[in-house]
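Undergrad: Residue numbers (this note's numbering), protein chains in the order written: chain A, 1 to 330; chain B, 1 to 543.
Keep in mind the hints are simulated off the structure, nothing from the lab.
Keep in mind that a hint or two might mislead.
[As the list claims (entries may be wrong)] For lysine-lysine, the following DSSO-like pairs were computed, each having C-alpha atoms within a straight-line distance of at most 27 Å:
{"#": "1", "chain 1": "B", "residue 1": "LYS6", "chain 2": "B", "residue 2": "LYS155"}
{"#": "2", "chain 1": "B", "residue 1": "LYS438", "chain 2": "A", "residue 2": "LYS305"}
{"#": "3", "chain 1": "B", "residue 1": "LYS84", "chain 2": "A", "residue 2": "LYS321"}
{"#": "4", "chain 1": "B", "residue 1": "LYS322", "chain 2": "A", "residue 2": "LYS321"}
{"#": "5", "chain 1": "A", "residue 1": "LYS329", "chain 2": "B", "residue 2": "LYS322"}
{"#": "6", "chain 1": "A", "residue 1": "LYS305", "chain 2": "A", "residue 2": "LYS123"}
{"#": "7", "chain 1": "B", "residue 1": "LYS317", "chain 2": "A", "residue 2": "LYS319"}
{"#": "8", "chain 1": "A", "residue 1": "LYS52", "chain 2": "B", "residue 2": "LYS84"}
{"#": "9", "chain 1": "B", "residue 1": "LYS248", "chain 2": "A", "residue 2": "LYS272"}
{"#": "10", "chain 1": "A", "residue 1": "LYS305", "chain 2": "B", "residue 2": "LYS6"}
{"#": "11", "chain 1": "B", "residue 1": "LYS84", "chain 2": "B", "residue 2": "LYS155"}
{"#": "12", "chain 1": "A", "residue 1": "LYS272", "chain 2": "B", "residue 2": "LYS83"}
{"#": "13", "chain 1": "A", "residue 1": "LYS76", "chain 2": "B", "residue 2": "LYS44"}
{"#": "14", "chain 1": "A", "residue 1": "LYS305", "chain 2": "B", "residue 2": "LYS248"}
{"#": "15", "chain 1": "B", "residue 1": "LYS138", "chain 2": "B", "residue 2": "LYS33"}
{"#": "16", "chain 1": "B", "residue 1": "LYS15", "chain 2": "A", "residue 2": "LYS319"}
{"#": "17", "chain 1": "A", "residue 1": "LYS108", "chain 2": "B", "residue 2": "LYS438"}
{"#": "18", "chain 1": "B", "residue 1": "LYS385", "chain 2": "A", "residue 2": "LYS76"}
{"#": "19", "chain 1": "A", "residue 1": "LYS329", "chain 2": "B", "residue 2": "LYS71"}
{"#": "20", "chain 1": "A", "residue 1": "LYS52", "chain 2": "B", "residue 2": "LYS83"}
{"#": "21", "chain 1": "B", "residue 1": "LYS15", "chain 2": "A", "residue 2": "LYS305"}
{"#": "22", "chain 1": "A", "residue 1": "LYS108", "chain 2": "A", "residue 2": "LYS123"}
{"#": "23", "chain 1": "B", "residue 1": "LYS248", "chain 2": "A", "residue 2": "LYS329"}
{"#": "24", "chain 1": "B", "residue 1": "LYS83", "chain 2": "A", "residue 2": "LYS319"}
{"#": "25", "chain 1": "B", "residue 1": "LYS84", "chain 2": "B", "residue 2": "LYS71"}
{"#": "26", "chain 1": "B", "residue 1": "LYS155", "chain 2": "A", "residue 2": "LYS108"}
{"#": "27", "chain 1": "A", "residue 1": "LYS123", "chain 2": "B", "residue 2": "LYS438"}
[Unchecked claim] Here are some, though not all, of the chain B residues that point toward chain A, as calculated from beta-carbon distances under 8 Å:
{"#": "28", "residue": "PRO54"}
{"#": "29", "residue": "GLU56"}
{"#": "30", "residue": "MET117"}
Glycine included, each C-beta is placed from N, C-alpha and C at the ideal position.
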Amino acid sequence: MGALLSLSVVIVLVLIALAGVGGADLTLLFGVVIPYLAVATFLAGVVYRVVKWARSPVPFHIPTTCGQQKSLPWIKHSRLENPSSTIGVIGRMALEVLLFRSLFRNLKTELREGPRLVYGSDKWLWLAGLVFHWSFLIVLIRHLRFFTHPVPSLVFLIDSVDGFLQIGSPHLLMTGLLLLLAVTYLFLRRVFIPQVRYISLPADYFPLFLIMAIAASGILMRYFYKVDIVKVKELTMGLASLNPTVPEGIGTIFYVHLFLICTLFAYFPFSKLMHMGGVFLSPTRNLTNNSRMERHVNPWNYPVKVHTYEEYEEEFREKMKQAGIPVEKE
Amino acid sequence: MAKAKKPPKPEELAKIDYSPPETGWMDTPAVFKPGTFCYGARPKYLEEVGFPNPREWSSADEDWKLPENWKEIVLEGLGDRLKKYRSFHLFMDICVRCGACADKCHFFIGSGDPKNMPVLRAELMRSVYRKYFTTGGKLLGRHAGARDLTYDVFKEWWYYFYQCTECRRCSVFCPYGIDTAEITMMARELVNLLGCNTDWIAGPVANCYRKGNHLGLEPHTIQSNIEFMVDDIEEITGIRVEPTFNRKGAEILFVTPSGDLFGDPGTYTCMGYLMLFHELGLDYTWSTYASEGGNFGFFTSMEMAKRLNYKIYAEAKRLGVKWILGGECGHMWRIVHQYMDTWNGPADFLEVPVSPITGTRFDNARATKMVHVVEFLADLIRHGKVNLDPSRNDHLKVTFHDSCNTSRGMGIFEEPRYVIRHVCNHFYEMPENTIREKTFCCGSGSGLNAGENMELRMRGGLPRANAVKYVNDRYGVNMLANICAIDRAALTTLMQYWVPDVDVCGVHELVGNALVMKGEKKRTMDLRLEPLPGMEEEEEEEE
């Protein structure tokens, strides 16, 4: 049900853009006003969310240790899986953020006759996740060519690597296709794995459909329903230089693409997509395992009611004396 | 209270249906199945530590006798904790429900109940968080995965957050490190605001607060229990060890879970400590006041945990020791390692631990000033300071269970293995995906080792037991070693149920068997006072 609801919302979004630009010719609204609002919402929202998290302190030092601790000098310490220094933590976080280290551990548990439990390697989610996020990042970087002048050489480089297969004209850019494939896989596993379907909320399907629609509209625009790319750049440069203009005759599909992206930007801070910022703040990953070496202070530590030794001895003094256990007061 | 229900037979229990119900989880009420939950806390235990809402109640009843404004208390408590714990706040927000954690939880593997998937366990709370603390949840309700906090939802929390052992295995696999233990801890704090603890946790907490240990052993009992062990050691070795209690001026305070003082196989482990320390001539003392390393307060609230943990530093200070040595225990070491200094430090009245035998400075414990007995022993063995005869354990084929807390909240993997390899000749690892950071819980941690929830414990322990079964079939493993007092008790029951020919011991029991003591008589018995295979004939000759 969540999937259908989310799909309908995305379809409605497409229709809004089609009607708004194709029907009512509201190019200023869809080409300038909404993009600015979306970016502002994105920036303000992300900052708000991260600041809100950051305002909750980290009272205890609770890294999840996934390797040998640093203890005796002759025991090999696992610097990345159980870091005891800041450099180690940076390494651990880099592996986590860039390569999805934890997801790489994924296993599939199966109960067979016997009973016998077996744990098979299961890297598909890791692979699809990695392809999805990296493709998305590269696509995003590629799009910088619409917002910069002159275009940085890095963008050209990425563009040419991305299109090295040199299929068709314009050249097929792999990441666009990979992004669409990966997001489709992520959707299909959500529908076909019973446990994952059971836990899925509309908020899980919606971003998938939205990104699917963004990638699809982008691919359509590049290879099939071509738009006037010079005019697109005029519009995007206008946006980037805070001097917006709306050239005539870009083609409606561009506005559909743009509107969906705006939706994603505006939706981002209020959704689970904030895991992008959250992963950096996760106390089980970004802390050093040095809590016996260095004292860590809880900012809201407060005195508590305790049962003192004096109270204890008061109650048990006679028994202690009889047993020959030393006491403070005879 | 209803009588504890016996769990079904293993072959019945192993028929597990993993297919989720037809109805969505919000529309599937929690059914309190006998054998899967604990009794409610008796009022006297709550009163002893000043906890709210002490009353006679039963967790199986309709009416839990909650105060009128229970909902307000819970929501206020929830909001308060969001502001205090970044972990909790973040973990309410960033889950993408990828499902990587789903089949990593021993309770899900053993029960097939989707609410035992870490993600869904957390969603039980997230749904309420969204409803009352996020705009989307307030506006969109169920479409945003939000739901009202109702009486049934509160009970569902209680049921499922006492089906999590805070083992942190899910957090190893989560791409954001979301740790269900953090959520379970908060949930348990919230239910404790309304006096809804379990009796099995509240009892040890009250005991520990007043008497110094979970079992409620009074000072003279602690001493006499240890005297019994001393007698047994004398019978086995001919040597009388002489432990001291509450002795001022000792160099080292030794703290271990009280489970080691009462009931086997914990007591055998304790005998191992006594023998080792005697052989080393260690200047150490026991304390009857700080006679508990474990901390059931940790399964109640952070505040209660801190109140119980206070005694360790306080006693070290009173006795004027230089540093603290800690016995084999799981959650005790999570606490010593990650919480103690923050709660009750700084331990600036102590010195950086230095082994009096080898001179090794334990820099890894330079702030907390507490060393794990297995770290201490590994260092001794490395320096050749203990005389060991591993062949005395030749009748044992040993495997090692990494305890959850010491694995994922500390990372002590090599030290125990190093010790085991030096005290026995037959050591076999369980399959790679079931040990070290991927180790499986005993199924009874975090205060779930009661009697009335035996079915739950046997289900949760299935993955661990199954891995033991594997090495039992393949290598004939007959001894499951570990460094945790709860493991020693819980795994014994678990093995009797799933793999009856495997026994359970602490690492220091193996050490005690292998330890060659100066002036000892020929060993004919192991620490269990059972004949040592290969030595019986000589025993007969002597007779």
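Undergrad: Out of the numbered hints, which ones does the structure contradict?
TA: 2, 3, 6, 9, 10, 13, 15, 16, 19, 21, 24, 26, 28, 29
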